[in-house]
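Q: Following the hints, put chain D in place on chain L, whose structure we already have.
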Amino acid sequence: MNEDLFRYLLILGDTNLVLAQRLGAWVGHAPALEEDLALGNLALDHLGQARLLLTYAGEVEGRGRDEDALAYLRDAPEFLNLALAEQPNGDFGRTVVRQWLIDSWQAELYAGLQKSSDARLAGIAAKALKETLYHRRFSAGWVIRLGDGTDESHRRVQESLNELWPLTEELFAPSDLEHRLAACGIAPELGELRPRWSHSVDQLLREATLTRPASSPYPWHGKEGVHSEHLGHMLGEMQHLQRTYPGARW
Amino acid sequence: MVTTLTRAQSAAHAAADAGEAHVWQALTAVADPEIPVVSIVDLGIVRFVRFDAAGKLEVGLTPTYSGCPATEVIRRCVRETLQGIGYPSVVVTEVLSPPWTTDWITPSGRQKLAAFGIAPPAPTATATCPRCASRDTRLVSEFGSTPCKAHYQCRACLEPFDRFKCL
Numbered sequence: 000m001n002e003d004l005f006r007y008l009l010i011l012g013d014t015n016l017v018l019a020q021r022l023g024a025w026v027g028h029a030p031a032l033e034e035d036l037a038l039g040n041l042a043l044d045h046l047g048q049a050r051l052l053l054t055y056a057g058e059v060e061g062r063g064r065d066e067d068a069l070a071y072l073r074d075a076p077e078f079l080n081l082a083l084a085e086q087p088n089g090d091f092g093r094t095v096v097r098q099w100l101i102d103s104w105q106a107e108l109y110a111g112l113q114k115s116s117d118a119r120l121a122g123i124a125a126k127a128l129k130e131t132l133y134h135r136r137f138s139a140g141w142v143i144r145l146g147d148g149t150d151e152s153h154r155r156v157q158e159s160l161n162e163l164w165p166l167t168e169e170l171f172a173p174s175d176l177e178h179r180l181a182a183c184g185i186a187p188e189l190g191e192l193r194p195r196w197s198h199s200v201d202q203l204l205r206e207a208t209l210t211r212p213a214s215s216p217y218p219w220h221g222k223e224g225v226h227s228e229h230l231g232h233m234l235g236e237m238q239h240l241q242r243t244y245p246g247a248r249w
Numbered sequence: 000m001v002t003t004l005t006r007a008q009s010a011a012h013a014a015a016d017a018g019e020a021h022v023w024q025a026l027t028a029v030a031d032p033e034i035p036v037v038s039i040v041d042l043g044i045v046r047f048v049r050f051d052a053a054g055k056l057e058v059g060l061t062p063t064y065s066g067c068p069a070t071e072v073i074r075r076c077v078r079e080t081l082q083g084i085g086y087p088s089v090v091v092t093e094v095l096s097p098p099w100t101t102d103w104i105t106p107s108g109r110q111k112l113a114a115f116g117i118a119p120p121a122p123t124a125t126a127t128c129p130r131c132a133s134r135d136t137r138l139v140s141e142f143g144s145t146p147c148k149a150h151y152q153c154r155a156c157l158e159p160f161d162r163f164k165c166l
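Residue numbers (numbering that gives the first Met the number 0), protein chains in the order written: chain L, 0 to 249; chain D, 0 to 166.
Bound-form chain L, shown alone (with noise of 0.2 Å):
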């Protein structure tokens, strides 16, 4: 087994798992109708590259666990999903704020995956790749509309963005096995992607009329399998059922 490409294949797999699952949460509770339709297409796609990223982990790893073992049937410790994709969805513009951080990060990793030596990491990141933009749209727009709106949602989002900010360090900083794989080809090298991340997040920050919050030391390695207390609780909600009725299908 290629250990480093499966876990590999779990960051980013796990990432996007955990975001789906806590953006499905505000399905019938988002402020608008068109936004928890938004919301909920979103945690769709996420939901769809999870598992397509899940089952390849799974057959590399070569255990016989599919998508839905490694889903429900890990704990927290065994997640490598970035930090900032658990953090709890606050109010709306938290949830977007966390949503642009991230969807601005896969547009640069998918794009840089789509050269990947390995053909079907390449394919499943052109295929996120497109979904990830329109992703982008719609969370860059509402953050220059809530940053650039009244003093009371620009207050909210600036917050949000402190808090957050922090975790964004782990989007690039790279692992000994993420190290590995650019070496071999299979990932892009992080060090180069984060420029180009940052001129975008700098870009929209300056047009939402909001400040850049100073780097600083983060306390969570989600890529370790180090996580906040945060994921535990969404993951004794997400998989309840499958601990309580193993094997349950419908």
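Derived by calculation from the structure, the hints in this document are not laboratory data. Incorrect hints may have been included.
[Said to hold, decoys possible] Quick look at which bits of chain D chain L covers, simulated, 3 or more residues with Cβ under 8 Å:
# : stretch
1 : 89–99
2 : 123–137
3 : 141–152
[Unchecked claim] Chain L is nowhere near these chain D residues, computed Cβ spacing over 10 Å in every case:
# : residue
4 : 20
5 : 24
6 : 35
7 : 50
8 : 55
9 : 111
This one's a predicted model, so the numbers in the text were calculated from it and none came from an experiment. Even glycine gets a Cβ: it sits at the ideal position worked out from N, Cα and C.
A: Same frame as chain L, but now just chain D:
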């Protein structure tokens, strides 16, 4: 090329071609579960139909959106339809690359969408109202009732309508 084939090989090729045409024809009857006026062939999501040397049938399907819930239903419908015309075991393969694009929707598919009240995809910023043909329309939301559609409203006839996202 044909002259280099034996008579038996030529016959086998002809049979395979006829078989493929038969399968393509049958697939035009498989409707999209969410937009039943168009078939999966109209949408361009059937990527290939082929028989292997042993005569086993394989159909390649590509998803419109990776999370589209209709994908599983479509897969099942393809199997059932082909079983109905005498192919008891069909291999349905997911094709991700190159990714689906709305450019693959056929001209007749576009006409059927418009007639059904869904503006077909176009790389233009303004959508044309499928009911009154006015171009005075506005985007209500980039996300509509299914992953593949956005939500618009016509300023002329005031009716809301869906438009296929351009992907």
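Q: Are there hints from earlier that the structure breaks, and if so, what are their numbers?
A: 2
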